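K.L.:
Chain residues, written in single-letter form:
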Amino acid sequence: MFVMLNAFVSDDALSGLLNLDLSFLNSMWFVWINMVFIIFVLAWLLYKPLLNFLENRRERIKNEIESAAENFRKSEEAKATYDAKLSGIARERDEILDTAKKTAQAQETEIIAAAKNEAGLIMERARRDIEQEREKARDEMRRQIVQVSALMAERLMGGQLTADGATRDRLLNQAIAELGAVEWKS
Amino acid sequence: MEFDIRTIENSGYARFYITDNIFITLNDTLISMWIIGAALIALAIVVRVKIKKFKEVPETKFQNIMEAIVENFDNYATSILTSKYKYFGTWFFGVFMFFLAANLIGITGLRNPTADLSVTFSMGLTTVVLMQFVGFRYNGIQHVKEWFKPIFFFAPIHIIADLSRAVSLGMRLFINILSGLILIALIYFLLPPFLSIAIPGALALFFDIFIGVLQAFIFVTVSMFFLMMKAPQED
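Heads up: the sequence lines are chains A and C, in that order. Take the first sequence: its position 69, counted from the start at 1, is 69 in this note's numbering, and no numbers get skipped. Offset between the second sequence (1-based) and this note's numbering: plus 1000.
These are computed hints drawn from the structure, not numbers from a lab. These numbers were taken from a predicted model, which means no experiment stands behind them.
Here are the simulated lysine-lysine pairs, DSSO-like style, with alpha carbons at most 27 Å apart:
(1) K48(A) to K1052(C)
(2) K62(A) to K1053(C)
(3) K1086(C) to K1050(C)
Sequences and hints are given; from them, build the entire structure.
P.N.:
As structure tokens, this is what we get:
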């Protein structure tokens, strides 16, 4: 405080403050050189390195945030792919089950149809057998009747028929064939 | 060049003569400037050395304060200068730090370098030179044509207008700091002795800290605006 007061108490110091004289101009150039030196030192030693440091850090943080976002996006994509694959698997399983069911049903109907067909065939054969048996029995019965009637006729006629054996057999067979043409009623 | 040391009567300042008309006066301004310069250069060297140890996440107060100053100043300078002329921010950061220290050094009792017109006016002239640099570099011949508008004999008026920027910048800072200095000195003498410590102390806080920070800030802001006036308009 006292130092600066001394500068103002004397009239010379105050009157010299605003004079654009030789003293002022000489003061100016030297002060300017000093000032520019200080300013350049501050700018190149303090401001630039710190600004670069801050800039680098900002850049790095930006990159890290970007890479984090990128990684997040990638993981989301992977998750979507896996989800799609999982749902695809479920759909495939359903399809396989469906196909299996359909195949089984088709096979079932096929087997049933085959079984029905076979049963029909068996029944048909059985019916034919029965028919044949019946035919056979009818023949047998007819032959018995013919024999009985031949015997009865022989007895009635008193052996006339037996004299000529060949003639008798021919007549009988003829008579049987005529009988066979008529509908038999049992 | 020989150094001839003579002393000025009444003031007691040493004066170094290089020639009869060119000399250096070793006055209070120069001494406080050297003290400020030494302190600021020491700070700059400390930062330059310590920046290797600076962490990604600031841990020390020193790093925090330095980062805050630099980042805020950079944001502010970019907001005025735009990113195209951002490189002038480096120069203005030095100007700002120097004037800030020069205005605040009044608290210690040393004379403010900014209470000397040669300091503020030479810095104002430097701003004018930078304005011409911006004008020539980005406007080219158009910058010279501006001086002869609307007609050629307006040139002196334009040149005075440009030079008046230096006067306005220099005078504003100089008068603000000097008036604070003179007011405190006068009040100190007017007050009775038992009050002469507390009241000038409070006034010193106001004039040196509040006005000092404000004026350093205003000088840099107005300088940057003057620079942008000479930049091409279409940006």
